[in-house]
Amino acid sequence: MPQNFTLNVNGAARTVDAEPGSPLLYLLRDNLGLHGPKFGCGLGECGACTVVMNGNAIRSCVTPVSAVGDARITTLEGLGSIDNPHPLQKAFIEEQAAQCGYCINGMVMSAKALLDRTPHPSRDDIKLALDGNLCRCGTHMRILRAIERAAQQGA
Amino acid sequence: MSGQEMEFASAGLGRRDFLHASGGLVIAFSLFGAADATLAETADAATRSLAPPPAGRLYAWLAVHPDNTATLFTGKVETGTGVATALAQIAAEELDFPLDRLDVVMGTTSETVDQGPSYGSRTIRYAGPQIRHAAAAGREALLGLAAAHFQVSANQLATGDGAISVTGKPDRTITYGRLVDGNRLNIEIGASGERFAMQVAPNVRTKDPSTYRIVGRPVRRKDIPGKMTGQFTYVQDVHVPGMLHGRVVRPYGVGATLVSVDETGLKDIPGFVRVVRRDNFLGVVAETEWGAIQAAAKLGSTLDPSGPDAGQAKWSDWEGLPEMERIWETVRKTAGRNSTVASQGSVETALSSAGRTLKATYQTPFQMHGSIGPSCAIADVQGDRATFWSGTQMPHQTRHDMAKLLGIPLEKTELRWFEASGGYGRNGLDHAVADAAVMSQAVGRPVRVQWMRWDEHGWEPKGPPIVQDLLGALDKNGRVIAWRHHMWVPTTGDTHLIAAELIGKPDVTGATGLGRPAVTYAYTFANADVAGHGEGRVGLLTAWLRSPAQFETTFAMESFIDELAAAAGQDALQFRLAHLEDPRAIGVLKAAAEKYGWESRPIGTGRPDGSGKAARGRGIAWVNRDDVRVATIADVTVDRSNGAIKVGRVVVAHDCGLVVNPDGLRNQVEGNVIQSLSRTLHEEVAFDRAHVTSRDWMGYPILHFTEIPDSIDVVLVNSGPEYPAYGAGEPATCPTAAVIGNAVFDAIGARLRQTPFRPERVKAAINT
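Residue numbers (this note's numbering), protein chains in the order written: chain E, 1 to 155; chain P, 1001 to 1768.
In case anyone wonders, no lab produced these hints; they're calculated from the structure. Owing to the predicted nature of the structure, the values given are computational and were not obtained by experimental measurement. One or more of the hints may lead you astray.
DSS-like cross-link-like pairs, simulated, lysine-lysine; straight-line CA separation at most 30 Å [as the list claims (entries may be wrong)]: (1) K1763/P <-> K127/E; (2) K1267/P <-> K1314/P; (3) K1595/P <-> K127/E; (4) K1359/P <-> K1763/P; (5) K1613/P <-> K1476/P; (6) K1646/P <-> K1505/P; (7) K1613/P <-> K1646/P; (8) K1359/P <-> K127/E; (9) K1505/P <-> K1404/P; (10) K1333/P <-> K1613/P; (11) K127/E <-> K1646/P; (12) K1359/P <-> K1333/P.
Just chain E, with the same shape it has in the complex:
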């Protein structure tokens, strides 16, 4: 049966009424109106739903809300906005690193967790960190360049 969960999302306490088994993704999107994280597979295979939880890039589509507790959750919206983008978002815009852009949430959030852990990754480090994030438009070269640019600028 649904119950109240208080989540720590983008620095604010947000209460949602949800079934304990409901994946975090649907609560972020439908209850909290955060559309950065996307439904891609519901199986943890593509990375479109990625959010950063306590510093780790996790798949919100297979993370039940009951497992979240008071963990700090950051979504794409929590990084920055069109008017005030995070340096990582700015780097992606400067490299024009999107086509349809549906996967980009996962790319940016996985890169955020990587750069927080490894501020100056090699190209292979980036590829490995993003290997579980699928992009169908084939924007990979630009995504790599964007993350390298962000790293150079100390994002």
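With chain E fixed as given, assemble chain P onto it according to the hints.
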């Protein structure tokens, strides 16, 4: 609303005011995140016209707002290729208007002209001139208004950056916004014909391309900032007040019938509303997504259903699909229609004097679009009136289809378009609209249908399997004297709707179509016989998949050329050039070779001694795809021990005529290369006799980051000002499989004639 509209709104601009002033529908939206498609004014919603605006009126294309911003309206849609920005460049150029103050509204059927679907690399090519002419007519109309305003003749006026001045008198300047003063541009500009063939404002004078300042300049795409920050509204993000969440429960077997539905336990799922059952169509609706997912799972919608009666919905035991391993035999045997691409001289006569004759068969499998976001749509069917929210690539066509499907009047039907995850042809988007329509009609409330991953993998229309026989003959000097290329191609344009088939009205809309020999024969062989056998549906539902069938035919044509070149002991580039007269083909081949640093040598002679574990090779191929020429060169390393192929450097030379946004074009070319590389190395839809078994990314792997090429260099070739803009959405896909196959042969001497080039297949080729 789109991200562009949100940017528009965030700048305090007046599209809403404009629509309000024109008596149009007001869609209320808040700035960030929320995507409530609320009808703020429902009073006139029931009576306003839902017909597309008349193409011969300027307001159908352009609106100028009091704050001197403007809106371009187009029936074309964005599928991730950047056409929204490129079309805006074309309009801004002719209008003499700042690009960053020009918003684009796409696809919504009551606000845009039907310019035909956004497919086939045809948007810039066909809609570009329509918009160019409309914008030029707009500039002319504004000059007329300014002439009256300043009481001078129009030839004393100059336009620039959204304003008009009296020549030589800069103090006498007025912005477009002030001139139009909030009025609708209700001016006749003339239009004839329909869709791709429509001529808009045919008599207006457009600019000389040599004077372009906005077209041809690399500009940042308008949609990207919103996509980077979560502020862009995809169709998946749209929320309609009162909507329910729907999920489909597809038959276990593609052609199975629904035997029974046991609803035990469904009402215990929080938020569950009801089952929707209509003939073989089955779905569930709930107040929450999770409720709908759980209910659908109980009925049998799961990743790995074990059989037709594994869930609480029981299906008949249907096993009517052809056998996967013998699909090409099935394709060969399927009845169809023959057509000829080229018939020159006599292949048979030439064979009798040939020095050497080669034969080969090429096979390619079912492949899928594989959009990262599964298809999604919302329908609100209220009696004989319906509204749809969809990311379809063909909004106007889908509006017609939905009216037919539901049996409601077209004039009471509207489709509001929002961008979806990349489409690459025709994925499940049109089918999700139909699913939502059936469910909303059943429950009388708006229903949002989101396909699950296995619905998309399992039921999106596929690209068809194709089999091709080639025969070529060389004379004693190593020139090709005979060429035969026969292909068997199932339809790539089956527009039947899955929901219509399931509710027992398969032919209410759509057609099966026939496959066509999608090849541009361009060599100059004296004796040539190029022909196709076009077929209808073979096994699975099939539709356009990026460069329909031409990815496959280019694989065969350009691999077999390589076979002949290798047999003649010649260089791959020189051999092609020796058999070509098309200057633009020669142009891209030479441009790619120059960028790459191609040194002439016989194929297969670049490898050291063949004893090492890793062997390196290079490959080349080209295509003429609807007037675009593309040549691609790639380096590969093949691991002999396990058959793995690693792609190193890729060079592409691309000639699509006039380029609108060079950076957007490069992005497209890079994307085509990577996606087609994925199709070359990995992709094959698996199926058993009942259904598709590639139901997720494990069952249908695509290219991962660790497998991408080391680099992709793109050379943009322009053969001269006489060439207009052709489409660039697909052509760079075509050469890739041949390039990689040719490079593998160059490396290890094994010829790959079947995609995908998975390691076990490469190893098998090494051993034969």
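Hint by hint, here is what the structure shows:
1. K1763/P <-> K127/E: The hint holds at about 27 Å.
2. K1267/P <-> K1314/P: 19 Å, holds
3. K1595/P <-> K127/E: OK: K1595/P and K127/E at ~26 Å, within 30 Å.
4. K1359/P <-> K1763/P: Since the Cα atoms of K1359/P and K1763/P sit roughly 22 Å apart, the hinted pair holds (cutoff 30 Å).
5. K1613/P <-> K1476/P: 36 Å, violated
6. K1646/P <-> K1505/P: Measuring from Cα to Cα gives roughly 48 Å; hence the hint is violated.
7. K1613/P <-> K1646/P: Satisfied, since the Cα-Cα distance of roughly 13 Å is no more than 30 Å.
8. K1359/P <-> K127/E: 41 Å, violated
9. K1505/P <-> K1404/P: 10 Å, holds
10. K1333/P <-> K1613/P: 42 Å, violated
11. K127/E <-> K1646/P: 15 Å, holds
12. K1359/P <-> K1333/P: 20 Å, holds
Checked against the numbered hints listed earlier, the structure breaks hints 5, 6, 8 and 10; every other hint is satisfied.
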